[in-house]
Each structure stands twice: as C-alpha cells, then as structure tokens.
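Colleague: Here is how the chains run, residue by residue.
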Amino acid sequence: MIEVKGLQKSFESNHVLKGVDVCFEKGKTNLIIGRSGSGKTVFLKCLLGLHEIDGGSILYDGRDSRLMDKKEQGELRQELGMVFQGGALFDSMTVRENVLFPLQMFSDMSNSEINDRVDFCLSRVNLEGVGERFPAEISGGMKKRVSIARSIVLNPKYLFCDEPNSGLDPMTAVVIDNLIREITEEFNITTVINTHDMNSVMEIGDHIVLLKEGIKVWEGNRFEILQTEDPNITDFVFTSELFKTIKGVARSKTK
Amino acid sequence: MYRKSFAKEIDYLGYDSVAIVAIISLFVGAVVTIQTALNLDNPVIPAYYIAIATRESIILEFSPTMISLILAGKVGSNIASTLGTMRVTEQIEALEVMGINSAAYLILPKIIASMLFNPILILLSMFLGILGGYIAGDLSGMITPPDYILGLQLGFKPYYVVYSLSKTVVFAFLITSISAYYGYTVKGGAVEVGAASTKAVVISSVAVIVANYVITQLVLSN
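These protein sequence lines map, in sequence, to chains A and B.
With the first letter of the first sequence counted as 1, position 215 gets the number 215 in the numbering used here; the numbers rise by one all the way through.
Basically the numbering used here = 1-based index in the second sequence + 255.
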C-alpha cells in the first residue's frame with residue numbers, strides 16, 4: 001500500500017502539486033487520470049523518487065521515504081518496478097539482456113536461477129522466442145511487454161506505469177491492460193498507472209484518481225465513474241459522443 | 256556488469272577507431288616526409304634531417320594532438336549522441352528507478368576506457384606515421400631507407416614519447432568527460448541530441464587545443 005499525504009511539488013514559481021492526499025491499495029490497479037499539465041507525470045516521478053518532494057509525505061507500507069537513509073532508499077528502489085511510456089529498453093542489449101539486467105545488478109542468484117527467472121518473466125508476458133532480438137527489431141506492443149517483464153523480474157512490491165497504452169492499437173492496448181491487471185492480482189502488487197486512455201479506465205480501473213491543476217478533484221472506481229455527476233469527471237471523461245452513450249446505457253441499466 | 260560495460264566501451268571507443276587512426280597516420284606520415292623533403296631540397300642539408308623532422312612532427316604533435324582532435328569528432332559525437340538518446344528515451348531514468356547510479360554506470364567506463372586505450376592508439380599512430388614516411392621517402396626516392404633510419408635514431412629523446420602519451424591521457428579525459436556532460440544533460444528530443452553532439456565535438460576540440468598549449472608550455476618550455 002502507498003499512502004500519499006499532502007504531497008507538494010513546485011518548480012520555481014510553478015506549483016505543480018498542491019497537496020495531494022491519496023491511498024493506493026495492494027492488489028488493485030490504481031489509475032491517475034487528468035489533462036495534460038495536470039501534474040500526473042510529476043506525481044508519478046515523486047512516487048518513484050525521481051523528484052524530491054517539497055512537502056507532505058509518501059509512505060510505502062508505512063515506511064516514510066523522506067525518513068529513510070541511503071541504504072533503505074536503495075532497498076526501496078529494488079521494490080519498485082516501472083513501465084515507461086516508450087518502454088525505455090536499453091538499445092544496446094537484447095530483449096533477454098534487458099530483462100536479465102536488474103538481476104545481474106542486484107540479485108545474488110546463481111546463473112541457472114537467473115536464467116529460469118528470465119524465462120519465467122518472458123513467458124509470463126507471452127514473449128517466448130524473442131529473447132535474442134534487439135528492441136529495434138520488435139513491435140511497440142512487444143516493447144511494452146518486455147518493459148513489463150523487466151519491471152517484474154525482481155518481484156517488485158510496487159509497479160508504476162506511465163501511459164502504458166500510448167501508441168498502441170486498441171487490441172494490443174487491451175492485451176497490455178489485462179496483462180498489468182493479471183500481474184497486479186497474481187503477485188499482489190500495488191500498481192499505479194498514469195493514463196489518458198479511457199478504455200483502460202473502464203477496463204481495469206479498480207481505483208481512479210482525477211488530478212486537476214495539481215489537486216485531486218475526484219476518486220472512485222470504474223463503476224462509480226459511470227454514475228457520477230461530478231462536472232470534473234463529466235467534462236474530462238464524457239466529452240465524446242461515444243462515452244456519453246456508454247454512460248447513458250450504463251445508467252439506464254442500473255435504473 | 257561494470258567490467259562488461261568497460262569491455263564494451265573499449266570495443267566501441269577503442270577498437271572501432273583503429274582503422275581510421277591507421278589510415279590517417281600512414282598517409283599523413285607520408286605527406287609530412289614529402290613536404291619536408293621538398294622544403295629541405297638543399298645539398299648542404301643532409302637527407303636524414305627529413306626523417307628527424309618527420310619523427311619530431313609525428314611524435315610531438317601529429318599523433319597526440321591531431322589524432323586526439325579526430326577522436327574528439329568520432330568518439331565525442333558517439334558519446335554525446337548515445338547518452339543524449341538514452342536521456343530522451345528515458346533509458347537513464349530507467350537506470351535511476353532501478354537504483355543504479357546512472358552517471359557512474361554509463362560515463363565512468365567510457366572515461367576509463369578512453370584514458371587507457373587512447374595512448375595505445377597514439378602509439379600505433381606514431382609507428383604508422385613514421386612507417387608512412389619511410390615508404391613515401393623510399394617510393395619517391397627523396398630519402399633512402401638507410402638515411403631515414405639514421406635520421407630516426409639521431410637525437411631521439413624517449414622522453415618526447417612519454418610526454419606525448421601523457422598529454423594523450425589528458426586529452427582523452429577532456430574528450431570523454433565533456434562529451435558525456437553534453438549528452439547526459441540533454442533535454443528535449445532528436446534536435447537537441449544533434450545539437451548536443453555538435454556542441455560536444457566543438458567544445459572538446461577547443462579544450463584539446465587549449466590543453467595542448469598549456470601542457471606544452473608547462474612541460475617542454477623549461
């Protein structure tokens with residue numbers, strides 16, 4: 001579980017996060033949504049420790065990141081998995097080497113255990129047989145899956161995904177969504193996803209947080225989002241005719 | 256992993272530069288000999304002076320400084336563009352999220368590999384430059400092989416080789432650290448990576464030339 005209390009972050013005079021309070025539970029897919037510039041990416045980078053926070057606190061299963069010494073911070077980092085928007089795979093390494101890399105850096109497993117673990121992670125994301133290819137030789141969807149495999153190879157407690165569906169066709173996007181949800185439930189991970197994709201919101205949104213100008217303006221789940229009359233949600237999510245129709249159908253069913 | 260990364264950098268930054276260093280050194284050595292022979296076309300001046308001039312030019316300036324400038328272009332742009340691309344595609348952030356010191360992991364092996372391997376490249380360049388002069392002198396008939404070998408041996412100061420290799424180490428540090436700085440700190444996209452690569456080559460070339468002057472003044476003027 002990750003508890004965020006009064007999180008503040010500014011860049012000089014630009015106050016990006018103005019005191020965000022939210023709790024992300026274990027085994028659930030937590031989605032952060034919001035317009036471009038609403039502070040989603042900065043929020044995620046604060047959770048990852050890539051940005052130092054100006055105020056508030058972030059508790060990882062009760063452990064305050066600001067009170068940790070260097071060693072504890074290092075240990076925490078190995079509990080974090082991250083799926084970057086573009087995959088962020090290392091170009092000079094093969095798919096297999098990319099997944100292997102965190103194990104070689106941090107684990108004291110034997111070579112055969114490492115190879116077994118890499119095989120397991122690659123098969124878990126349905127990527128058997130592509131281990132010897134380089135990132136430039138695989139599709140965008142495969143890159144995302146390799147990135148997921150790399151992020152789970154150290155058995156993380158917390159998984160973060162920055163727009164995991166960007167640039168993917170709708171079918172591949174659903175595959176990635178389902179994969180993230182399955183992994184979250186299977187390994188009982190706390191997963192936090194930044195997304196613009198409303199299909200993801202409706203598909204896997206166990207817990208949804210809407211950020212607007214650095215403030216949390218709404219939170220709920222994918223069922224509540226269809227029922228709410230909150231203008232922040234209706235203005236952001238239900239702007240297209242398609243989603244207005246979906247909302248109408250969903251509400252008429254509940255009546 | 257650090258050892259593996261170091262071996263990779265030796266390969267990328269060192270071995271990959273052998274061919275260009277060899278070709279340039281061989282031909283420049285030949286040209287230096289021909290130019291010197293044409294300018295010393297005087298019956299009073301012994302022919303072996305051509306070899307002395309070639310030797311001193313190659314060992315003192317051409318190999319350490321000119322080859323370092325060529326490496327600033329080749330290796331400097333490679334380092335800046337590689338690190339810049341890693342930055343804009345979030346590969347450096349991926350390392351940091353894993354808890355890896357990205358600067359130490361990515362930059363340190365490059366600096367050490369260059370500082371260790373560039374002197375070897377410069378030694379090769381010295382040998383091939385002098386060999387190029389020997390071949391050109393013999394083929395053109397401007398200096399006979401015995402005169403050339405005599406000239407190479409006369410007044411040879413091994414200290415000059417040590418001095419040249421020492422400044423090569425300084426140049427290697429300047430080229431890799433300046434290029435790495437510009438690549439590592441890129442912000443933006445492809446255009447900024449290209450601009451950083453150009454800047455890295457220009458600034459590291461200027462740094463090599465200025466450092467060459469300072470080192471020469473400090474070491475050889477006393």
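Hints are not guaranteed to be accurate.
Unchecked claim - With a Cα cut of at most 20 Å, we get these calculated EDC-like pairs of lysine to aspartate or glutamate:
(1) A/K26 to A/D69
(2) A/K244 to A/E185
(3) A/K26 to A/E75
(4) B/K259 to A/E219
(5) B/K442 to A/E113
(6) B/K259 to A/E132
(7) A/K247 to A/E213
(8) B/K263 to A/D197
(9) B/K259 to A/E97
(10) A/K157 to A/D206
(11) A/K70 to B/D402
(12) A/K212 to A/E229
Just so you know, the hints here were simulated from the structure itself, not pulled from any lab data.
Colleague: Taking the hints in turn, state whether each one holds.
Modeller: Now for the hints, and whether the structure bears them out:
The hinted pair formed by A/K26 and A/D69 fails the criterion: a straight-line CA distance of about 25 Å is larger than 20 Å. Taken as a hint, the A/K244 and A/E185 pair is broken in the structure, with Cα atoms around 30 Å apart against an allowance of 20 Å. For the hint linking A/K26 to A/E75, the alpha-carbon distance of about 19 Å falls within 20 Å, and the restraint holds. Among the hinted pairs, B/K259 with A/E219 is inconsistent with the structure: their alpha-carbon atoms are about 47 Å apart, more than 20 Å.
The straight-line distance between the Cα atoms of B/K442 and A/E113 is roughly 39 Å, outside the 20 Å bound, and the hint therefore fails. Annotation: proposed proximity of B/K259 to A/E132 holds, straight-line Cα distance about 18 Å (limit 20 Å). For the given pair, A/K247 sits about 25 Å from A/E213 by alpha-carbon distance, which is inconsistent with the 20 Å threshold. Between the alpha carbons of B/K263 and A/D197 the distance comes to roughly 40 Å, so the proposed pair goes past 20 Å and is violated.
With a C-alpha separation of about 12 Å, the suggested pairing of B/K259 with A/E97 holds against the 20 Å cut-off. Using a Cα cut-off of 20 Å, the hinted pair A/K157 and A/D206 holds, with the two alpha carbons roughly 18 Å apart. Taken as a hint, the A/K70 and B/D402 pair is broken in the structure, with Cα atoms around 67 Å apart against an allowance of 20 Å. About 17 Å separates the Cα atoms of A/K212 and A/E229, which keeps this hinted pair within 20 Å; it holds.
Consistency with the previously given hints fails for numbers 1, 2, 4, 5, 7, 8 and 11, ordered from lowest to highest.
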